[in-house]
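Work out the full structure, taking the sequences as your base and the hints as a guide.
Residues 1 to 229 (UniProt numbering) make up the sequence shown, in order.
Simulated from the structure, these hints should not be mistaken for laboratory data.
For every residue, glycine included, the Cβ atom is placed at its ideal position computed from N, Cα and C.
Just to be clear, a hint being listed does not mean it is correct.
[Unchecked claim] Taking lysine to any residue and the SDA-like style, the derived pairs with C-alpha atoms no more than 20 Å apart in a straight line are:
(1) Lys157 with Lys176
(2) Lys90 with Ala105
(3) Lys176 with Lys90
(4) Lys124 with Thr208
(5) Lys176 with Thr208
[Unchecked claim] Here are the in silico distance ranges between beta carbons for each label pair:
(6) Gln139 with Asp175: 15 to 23 Å
(7) Ser191 with Phe150: 13 to 21 Å
(8) Gln139 with Glu104: 39 to 47 Å
(9) Asp127 with Ser84: 31 to 39 Å
(10) Glu10 with Val142: 35 to 43 Å
(11) Ile172 with Val26: 38 to 46 Å
(12) Pro69 with Lys124: 33 to 41 Å
(13) Val26 with Gln139: 18 to 26 Å
(14) Gly52 with Glu104: 34 to 42 Å
(15) Glu198 with Asp175: 22 to 30 Å
(16) Thr73 with Ile172: 36 to 44 Å
(17) Lys124 with Lys151: 15 to 23 Å
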Amino acid sequence: MSQRCPYCHERDIETVATIPYVRGMVVAHTLGVRKFMGCRRCVRRAIYKEVGVSSLIGWFSVTAVVLNPMMITYGAVRGLFVRSDEAGVKRALEQAGIPDDGAEADPLRVAYGLAAAMIAADGKVEDEEVAVTIEVGRQLFVDFVADDFFKVLANHKDLPGVSELAFLLGGILEDKEKGLVFGYLAEIAASDGHVADEEKLMLEEVRTNLGIAESATLSFARGQLPPAV
Numbered sequence: 001m002s003q004r005c006p007y008c009h010e011r012d013i014e015t016v017a018t019i020p021y022v023r024g025m026v027v028a029h030t031l032g033v034r035k036f037m038g039c040r041r042c043v044r045r046a047i048y049k050e051v052g053v054s055s056l057i058g059w060f061s062v063t064a065v066v067l068n069p070m071m072i073t074y075g076a077v078r079g080l081f082v083r084s085d086e087a088g089v090k091r092a093l094e095q096a097g098i099p100d101d102g103a104e105a106d107p108l109r110v111a112y113g114l115a116a117a118m119i120a121a122d123g124k125v126e127d128e129e130v131a132v133t134i135e136v137g138r139q140l141f142v143d144f145v146a147d148d149f150f151k152v153l154a155n156h157k158d159l160p161g162v163s164e165l166a167f168l169l170g171g172i173l174e175d176k177e178k179g180l181v182f183g184y185l186a187e188i189a190a191s192d193g194h195v196a197d198e199e200k201l202m203l204e205e206v207r208t209n210l211g212i213a214e215s216a217t218l219s220f221a222r223g224q225l226p227p228a229v
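Spelled out as structure tokens, the structure:
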């Protein structure tokens, strides 16, 4: 079963791509990766957009000044060689719990994939985030199994980006299921008592791509989460 490109919503998903990035913060820096999945044209555009962002704001530390030219060059070259990758797309969908035979998606399975994608969105998997994800998952899903989540997390490099995955799930899940998986991510983001700007942006993209009303975001923020399933 073909899936529509999360960017243009017109062509089918054809490929996946990952590029590294660096962000300088004067005395510190952050290394991470960006994942893209969609049609070849949109993935190429997304890569070049990321290269453009790095060209503007990827310089503000000594380490970033050294690494950013390499990151920009890699991204520019990677964009030239965006090819169809049916095997990569299939792996990504399987890891995300999205069936390719038209069967219904399991909300718990896709929650594993979405949570793993969110944890690994910056290219790093931190033990504290994993522990919180498991704790919250057990509160929201009565059938949550840590070992099953770890299996998905172990293959996080095969997962689509969080926003792309949310768009795909938006066309598969029922409204209640969308609310449940979004509430899961919102709880994870707020687990340390503070939702960073990057997390707010990511949650907003997930909400929009899932097709959840903005009013639902306020409910989740106040802790009014759907009951465990």
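| message | Output the indices of the hints that this structure fails to meet, ascending. | response | Structure breaks hints 1, 3, 4, 8, 12, 13.
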